[in-house]
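Asker: Take a look at the letters that make up each chain.
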Amino acid sequence: MTPEQTKAFEEKVYAFVGKPIYTGPRRGYDDVNSAMIRQWCEVMGEKNPAYVDQDWAGKSTRGHLIAPPAMMYAWTQEGYKVASEGRPTDGQVEMVKFFDSHGFSGSLGTNVDQEYFAEAKVGDAIFEESVIESISEQKTTARGIGYFFETYAKFTNQDGVLLGTQRFRVFKFIPPEQEESAPASDDSLEIPTRVAAPRGQDNKWWWDACDEGKILIQRCASCGALRHPPRPMCGVCQSTEWDTIESTLDGELFSFVEMHHPKFPGYQYPLLVGVISLAEGTRIIANIVGCDVKDVEIGMKLKGKVERVDEKTILPQFYPANN
Amino acid sequence: MTINVSGEAAIAGVANTEFSKNSGVSELELASVAVRDAIADAGLKPSDVDGMTTFTLDNTDEIEIARAVGIGDLSFYSRVPHGGGAATGLVHQAVMAVATGMAEVVVCYRALNGRSGHRYSSGVAGPLLTSDAIHWGWYTPYGLMTPASWVAMYTQRYMHLAENVQDAMFEIAHVQREYAAKNPAAFFYERPFDRSDYDASRPIVSPFKMLDCCMETDGGSAVVVTTAERAKDLKHPAVIVKGVAQAAAADMESMTSFYRPEIARIPSMDIAAKMAYEQSGLCADDIDAAVIYDAFTPIVLWQLESWGFCDLLEAPKFVLDGAMRSDGRLPTNTHGGQLSEAYIHGVNGIVEATRLVRGQSVNQPAKKVNNVLVTSGVGVPTGGALLGRPD
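Each protein sequence line maps, in turn, to chains W and C. The first sequence begins at 15 in our numbering and counts up one residue at a time. The second sequence begins at 1022 in our numbering and counts up one residue at a time.
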């Protein structure tokens, strides 16, 4: 698309924001019942007696079975007739058709966020109301170029009590050209790991020791000055001779950040990174773990451990020292 | 023999291309347009140019541009490394060339498809086969791999030591957006924001919100440097380069100098400031306006301290007293800066600083502007220049 065509396309597609997904609230085909709850829990491996054990639930403070909150979306699904008859036309169907007709035929559900406010018990009716809440600016992702759209659903019972809400995010994109029969690459099944430090002449020994659970600090063999990150020459006396000492990983936080955006595959969030002053006198960069960001402050005492963080990565991580 | 370059060179022509998110043209074309227009702005012909300077990061070869624009023989070419830290380094190289007779007319340029091509915000993840890879390897496994994250680390430390830093960061972002809102060339023309927008803006890396971070831009900027003598007879009033310096302070890493005794300041810029003031005979009191590199809001604070406009840790107060505003002590980043005009690695800042001395800024302060400071990117080896009216 030219920039002008993109602009014209976006004007039309953004007009779908705020459109209802179907007319009026939709009532689930079946009211909340123990048979469907039992089947859902069996598939999900859910064993909470509040959902599946009639006797236990009868003696509980509630006195009755409740439906798993995460199941709220199941009650109002259209059912199998969607596969045979298609969905009746609504705001979302029209928008998806519009994306498809402009080449954005790929669909990828990316996130579901649910919030729960009240419980549903056996016998309750579930009603859903949904709108197209937002459409992002054009994004370039590993899957291709496209737009994220988000729907917002409210679930209520027969008394109008809000049970929960759901945001569902879908990426509509131009699929890269590929042979239909091409087998899925094994890469796509691999769990991403952290971006590894390349190991060269001046740093391989440090990372090899880290793999063995030891954090070493380079020491000048001539004048004894410690240095980190490692480098081949002492900046104090210019000697190229060196050995190492092992750090006790006792430290104090000198500065820190919390990473929010962009989020990198292979990293766990919340992600805190600190500059740590080690007791030996050098500094090291590492993740701060085992505490809430609200409790992190410059000057706090830390204790490091060398730990495996993913299938391929072993790193020092620092915990509050009083833990 | 010692040569003092002060007063020996002048900026005679400047130009920017259109700034956009998708230029639709090659970087060679952006560079050629910026170079051509800067030469024309000087009232010179391409064949008058005999020198060129740019960033090592620039993807476009000098000789390719020379062929495209019709520049003839080149007797001087030079590249400056370290990303945005090169900005005034281009002028630094050109000044030395003209002051020493290596060239008579040098064009400095930078052009990039920074949004539609390679995006700096994508960080240093991915295949890296350069010598820099070892250095980044001390940070990437922990996820510390974007420019915002490195600068945020210094900022958190600064917030620990100084007062009212977040309010000052808002003031910087806000004042610059107010300027950009009145600058038709700025990306954020007619798009102001207020404190509630700032507070609600998306967190990037604590303590940075989105509005503390510069944008990504397609565009180009160029500056022509010639002798002060020749500049006298050209189209615009001469803008004299009174001082220009580059510096990399001791114990430096590119963006991650976390190992110095204190990290809440910019020692490289302290050195550049001292050198430029010594060359020019000027001091902070003589500077009427500034274009200060602003990839992220707090780096403006530390540079104000480096250039002596206030004491260490006092920059938040200086800024909150309204210093950067049009009627303030030091109108700063009057084009909107890289937060709100465009992100051309500081070279659009040299264009704006030149315009301020000429009296041609779209947000020209009411007071007389004799001398203007312009700086390069920080966290990397950096530099700065003092531009002004002829004495």
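Hints listed in this document are in silico derivations from the structure and should not be mistaken for laboratory results. For every residue, glycine included, the Cβ atom is placed at its ideal position computed from N, Cα and C. You may find that some hints are simply not true.
[Claimed, not checked] Pulled a few chain C residues facing chain W out of the computed Cβ check, cut under 8 angstroms:
#1 1025
#2 1026
#3 1028
#4 1161
#5 1166
#6 1170
#7 1174
#8 1185
#9 1219
#10 1222
#11 1288
Asker: For every hint, state whether the structure bears it out.
Answerer: Consistency of the hints with the structure:
no.	hint	verdict
1	1025	violated, 32 angstroms
2	1026	violated, 31 angstroms
3	1028	violated, 38 angstroms
4	1161	holds, 4 angstroms
5	1166	holds, 7 angstroms
6	1170	holds, 6 angstroms
7	1174	holds, 5 angstroms
8	1185	violated, 17 angstroms
9	1219	violated, 16 angstroms
10	1222	violated, 11 angstroms
11	1288	violated, 16 angstroms
The structure does not agree with the numbered hints 1, 2, 3, 8, 9, 10, 11 stated previously, though it agrees with the rest.
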